[in-house]
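Chains as they are written, first to last, in our numbering: chain A, 1 to 313; chain B, 1 to 224.
No lab work stands behind these hints: they were computed from the structure. Honestly, I wouldn't trust all of these hints.
These stretches of chain B come out as covered by chain A in the derived footprint (C-beta under 8 Å, 3 or more residues) [stated by the list, open to error]:
no.: 1; region: 34-47
no.: 2; region: 56-70
Reference excerpt, derived from the structure (chain A facing chain B, CB under 8 Å, subset only) [what the hints assert, rightly or not]:
no.: 3; residue: Val123
no.: 4; residue: Phe126
no.: 5; residue: Arg295
For the chain B half of the interface with chain A, some residues (derived, Cβ under 7 Å), not all of them [claimed, not checked]:
no.: 6; residue: Ile19
no.: 7; residue: Phe132
no.: 8; residue: Thr153
no.: 9; residue: Gln207
Source: prediction; values computed, not measured. We put the beta carbon where it would ideally sit given N, CA and C, even for glycine.
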Amino acid sequence: MSSLVVESPGLLTTVQDLGRVGFGPLGVSPSGAADPVALRLGNLLVGNEPGAAALEMTLVGGSFVFPEGAVIALTGADFGAAMNSQAVEMWTPHAVLPGTKLTLGPTRDFARCYLTIAGGIHVTPFLGSASTHLLSGLGGFDGRALRKGDVLRLGAPERKISKRRISQVALHSLKPRKVLRVTEGPQSEQFSTEAKQSFFHTTFQVSEESDRLGLRLEGAALTINKGGEMITEGVPLGAIQVTPSGQPIVLFVEQQTTGGYPKIANVIGVDLHRLGQLRPRVEIRFERASLAVARSLWIEQERLLNSSEHLFA
Amino acid sequence: MRFCAASDQAMLVYLGEEIGLPVHERVLKLLRLFQKEPPKWLRNLQPAYNSLMVTFDPCRVDHAEVELTLRKLEERAKALRPQKNRIVEIPVCYGGEFGPDLDDVAKAHGLKPSEVIQLHASYTYHAYFLGFAPGFTYLGDLLEEIATPRLETPRKKVPAGSVGIAGRQTAVYPFATPGGWRLIGRTPLAMFRSDRKRMELVSIGDQVRFRPIPREEFQELESA
């Protein structure tokens, strides 16, 4: 069986797929790739099912050796990948000769880069998914981020891979954004008019303390009206909850499944993968969207992601 | 019944506006019926005290359709018989390094630490739901005599198995995670294990009792 050897892991590299959905009653959040669109596209490029397990790298990539060779693709953020001192083009598959080392460095643009490999990465699934849930140490490779010397098993490639690339048109319509669209949160009426004004008309900075559990935002404090006590309830991915100090936190893939802080808004489906590409200190803004618009954007995006005619150049 | 869009892909349904067993019974029944007959569009269910969050596939349905389904299911759920509750006993070694906040909780209520332990262990709790982290079960309702607010500043790391209280709730931390609940003891039992059939020690709707144990028994159970 083929393998991948971790020579250096990078800042935070984990095994991820599209997550385990449907285990809310156990208190288990889906986890999965922070940018599931990049993961899906990478898998399609190497002939895998869209949800095959791959490596998610954060801000700084690692270096990896393929003793038996492989076919790989890199998607998401540009971490300046190179093989045999040659730059590795993104968004297209590459054949890697046995013993070759792939080296990645610090990001040149966004937060997360995905390394997909024909045949996928094999780990013991937890609740049907290979994705790592760091907080509980479950899933993925030993429930943790990769370390130097780890050896990961690779699956057998599923089909012959053709040399093709993701089209500019598709990349354009899926590209990261700093203006995130949101629908109203279940407790938005608990916020003062000023708080809503600040929320929609000022910028917020993504805090250094952000991670896969949540993105903490710095900016105007959003005051909650008195009597804003609420009963703990289920919280969706992308919920923007506000702590008593007025700080907004966007709940992310490894999120807590329930929460007791009021939620002012919720990031819409098509912008969730874009959350995964926000770097610390980046300035973002929020824009209102209706449920109907959010839904039609989602349907349109799913149509694109399922259409090889439009995806590939 | 009150409906609220939680996101463009999730609907919250509130079956009452307060915390209590009658409302929670309705949440449980609706949850069970959903789990028995999951529609094709269903992605996830998140029960809580008085609400159920339903996540759906927007390519198949919209909020209006989800609401309609929920209304029909709730009509039928009413007729379900309440399920028989399991009783789960959790051994706890209270105080000392395992319960660093026990003395503060006692002081806050003018009680002796032993009285806090006695009150905490004298009650049979209802498991309202699992949330926060895998296997973290919200148990209620903690007796008013020992109800204590969360810490002002949460701890960066709470050891796995820690028993905490927050307001009128109590729970066991299944994993070493950050946390703001007041810690009064620790259990040697694993609250969540991916290698056993029922991964979670306590399921939604269970009855839970805490049994005070001495340090020696903690160590025995821990190594068992």
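Verification of the supplied hints:
As drawn, the region 34-47 of chain B meets chain A at 7 residues by the rule of a beta-carbon pair under 8 Å; at three or more, the given contact holds. For the region 56-70 of chain B, the assignment as covered by chain A holds, since 4 residues bring a beta-carbon within under 8 Å of that chain's beta-carbons and 3 suffice. Taking 8 Å as the C-beta cut-off, the interface hint given for Val123 (chain A) is violated, the closest approach to chain B being about 12 Å. With its C-beta approaching chain B no nearer than about 5 Å, Phe126 (chain A) sits inside the 8 Å limit, and its interface hint holds.
The interface hint given for Arg295 (chain A) holds, since its Cβ lies 5 Å from the closest Cβ of chain B, which is under the 8 Å cut-off. A distance limit of 7 Å between C-beta atoms decides the matter here; for Ile19 (chain B) the minimum to chain A is near 6 Å, and the interface restraint holds. Annotation: interface hint on Phe132 (chain B) holds; nearest CB of chain A at approximately 5 Å, less than 7 Å. A cut of 7 Å between beta carbons decides the hint on Thr153 (chain B): the least distance to chain A is about 11 Å, and the hint is violated.
Checking Gln207 (chain B) against chain A by beta carbon gives a least distance of about 17 Å; that is not within 7 Å, so the hint is violated.
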